[in-house]
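Q: Heads up: the sequence lines are chains P and Y, in that order.
So for the first sequence, our numbering puts the first residue at 1; every next one is plus one.
So for the second sequence, our numbering puts the first residue at 1; every next one is plus one.
Hints listed in this document are in silico derivations from the structure and should not be mistaken for laboratory results.
Check each hint, because a few of them may be wrong.
Per the computed footprint, the stretches of chain Y lying under chain P, defined by three or more beta-carbons under 8 Å from a beta-carbon of chain P, are [said to hold, decoys possible]:
| id | segment |
| --- | --- |
| 1 | 56–62 |
| 2 | 65–72 |
| 3 | 75–83 |
Don't be surprised by glycine CBs; every beta carbon is placed ideally from N, CA and C.
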Amino acid sequence: MALPKIIGSETEYGLVVQNDPDFDSIATSLLLVNSYNADQGLRLLWDYDQEDPLVDARGFELDDEYDVPDHQDNMAINKILPNGARFYVDHAHPEFSTPECSNVLDLLRYEKAGDRILNLSRLGANQLIPPGRSIVIYKNNSDQKGNSYGYHENYLLDRRTPFQTIAERFMPFLVSRQIFCGAGKVGVENGTGYVPYQISQRADFFETEMGLDTMVKRPIINTRDEPHANRDRYRRLHVIIGDANMSEYTTYLKVGTALVVLQMIEDAFLPDPPALRNPVRALRDISHDPTCKVAVPMKNGSTMTAIELQRWYHEMALRYLAQHPDCHPTYPAIVQEWGTVLERLAEDPMQLCREIDWVMKLHILTNYMERRGSGWDDPRIAMMDLQYHDIRPEKGLYYVLERSGAARRMLVEEDIVRSMEDPPEDTRAYFRGQCLKKFKNQIFGVNWDSISFNIGDGPIKRIMMEEPTRGTKRHVQQLLDRSDTAAALVANIVT
Amino acid sequence: MLQTQTIAARPAWAGIVTCAEGGQQQVRRTSDAQTETTTTSANNLSAKGEKLRDEMDALIDEIDEVLEENAEEFVKNYVQRGGE
Chain P
1 MALPKIIGSE TEYGLVVQND PDFDSIATSL LLVNSYNADQ GLRLLWDYDQ
51 EDPLVDARGF ELDDEYDVPD HQDNMAINKI LPNGARFYVD HAHPEFSTPE
101 CSNVLDLLRY EKAGDRILNL SRLGANQLIP PGRSIVIYKN NSDQKGNSYG
151 YHENYLLDRR TPFQTIAERF MPFLVSRQIF CGAGKVGVEN GTGYVPYQIS
201 QRADFFETEM GLDTMVKRPI INTRDEPHAN RDRYRRLHVI IGDANMSEYT
251 TYLKVGTALV VLQMIEDAFL PDPPALRNPV RALRDISHDP TCKVAVPMKN
301 GSTMTAIELQ RWYHEMALRY LAQHPDCHPT YPAIVQEWGT VLERLAEDPM
351 QLCREIDWVM KLHILTNYME RRGSGWDDPR IAMMDLQYHD IRPEKGLYYV
401 LERSGAARRM LVEEDIVRSM EDPPEDTRAY FRGQCLKKFK NQIFGVNWDS
451 ISFNIGDGPI KRIMMEEPTR GTKRHVQQLL DRSDTAAALV ANIVT
Chain Y
1 MLQTQTIAAR PAWAGIVTCA EGGQQQVRRT SDAQTETTTT SANNLSAKGE
51 KLRDEMDALI DEIDEVLEEN AEEFVKNYVQ RGGE
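Construct the entire structure; sequences and hints are all you get.
A: In structure tokens:
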């Protein structure tokens with residue numbers, strides 16, 4: 001039986017300031033990150049000491065330079081929140097990383113909490129910029145001008161599973177899953193052949209099968225090896241190919257199915273999948289066909305559609321469930337939804353106009369064009385492609401759908417609101433979040449796998465948290481309850 | 001460079017059907033399989049179709065209300081650099 005699957009996601013948001021064509025995206029991102037009304041009195045550092053973004057899972061380390069900001073900058077660009085999340089500036093974008101979650105529904109609610117936090121920051125920051133200007137934020141991956149920004153998923157895996165095995169068995173799944181988790185996109189990018197609409201925001205930007213880079217020559221399988229956890233036990237699979245999703249159901253299916261597939265790979269249950277002749281080409285061809293009928297060449301000379309590829313994985317998942325009745329309790333529902341969605345996609349993808357982002361978007365675009373007598377080159381269509389992802393509930397087109405009951409929900413309001421304040425109770429995010437709430441200004445620095453305290457006398461005390469499944473409420477509540485100060489906490493841990 | 005002239009929408013792909021129509025066609029297929037199609041169920045279908053059409057009309061109107069003005073300018077100015 002494999003190790004527990006801890007997951008988290010990072011979302012880079014798109015940013016613009018209305019009526020300010022020369023706006024500085026770094027400065028605006030900084031302003032946003034510093035405008036969230038959590039405890040702005042907190043002055044603590046993101047601990048870059050243990051970061052290794054240049055280590056490659058294939059077994060080497062890139063000899064390159066990696067910039068670490070100085071302390072002043074560090075405190076300005078990094079906010080660690082009491083719910084265990086990280087809200088920060090990454091290059092020129094505001095970025096939100098969820099805390100570590102033990103299951104897909106928790107991940108979903110923390111992602112949604114992140115969207116709310118970004119929106120609140122936007123409201124706060126708008127008070128501070130010249131009148132007539134307004135910050136607008138998008139949860140998407142493409143600016144329609146050749147630039148892309150990412151949505152990254154992170155899956156904790158057993159280190160004993162060879163990386164090559166993961167790559168080979170996961171690749172066809174990643175290439176084809178877009179049929180039920182693409183966010184949809186008007187037009188094409190990066191010199192690919194024109195279509196008016198495609199399934200995925202990210203597909204056109206991927207150029208290689210495997211690699212370390214995340215910004216140019218993007219690889220389907222990213223080889224970054226930075227577990228933020230005990231290196232001997234764990235691997236963190238860093239998946240950069242996914243679209244950011246607005247629909248709760250889409251996020252649920254995207255991450256839920258990936259979890260089940262990775263579980264099967266780790267348990268040595270999944271045999272070698274059908275191998276794609278040209279994965280990068282297949283990724284684009286599948287994205288460029290919203291009928292989901294295109295058949296892509298396989299290594300064995302046959303062709304398969306994306307639905308057929310997904311059906312192969314789904315069939316394995318059904319067998320896995322039958323043989324593992326003690327699997328994670330969220331898996332049966334995920335696999336059931338997966339199967340139903342594949343059936344409906346095969347009948348007619350447009351049946352999923354309440355569930356899957358790319359279908360929902362296409363649905364409103366085609367109905368708009370029909371009623372307004374316009375076409376794909378209508379600027380309003382390009383605007384809708386963008387505004388679907390506007391995070392403002394009163395402006396975002398996804399939220400228009402949600403309000404009219406035209407979007408299938410997985411969460412209730414309460415789930416999202418409490419996720420803005422409280423960390424998950426069943427991962428090390430609990431310890432991080434509760435320390436931040438309780439010991440505030442006695443915290444010197446934080447990383448995913450450590451927290452450092454300034455207890456006054458003597459050097460900074462760094463507590464390592466290399467085990468993502470510990471530091472939970474069950475593990476640490478008593479310790480926290482009997483430690484009134486950080487000094488007491490450290491003393492109580494050590495003894 | 002976005003053109004201001006609009007071209008009438010023509011579905012580029014066979015099989016792309018709007019959700020409402022797709023739903024209706026599904027229901028019709030089921031009814032055809034039955035030996036009798038009552039007048040009541042036929043009326044229900046067209047009433048349902050009308051309702052869906054009205055709902056979509058309202059949705060499209062709401063989209064027009066919230067859609068950024070001067071779409072062409074807005075989209076032209078939206079450029080993002082330095083993304084992962």
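Q: Now, for every hint given, state plainly whether the structure supports it.
A: Right, here's what the structure says about each hint:
Coverage of the segment 56–62 of chain Y by chain P holds in this model, with 6 residues showing a Cβ closer than 8 Å to a Cβ of that chain against a need of three. Three residues within the 8 Å Cβ limit are the bar, and the segment 65–72 of chain Y against chain P gives 5, so the coverage statement holds. With 8 residues having a Cβ less than 8 Å from any Cβ of chain P, the segment 75–83 of chain Y passes the three-residue criterion, so the hint holds.
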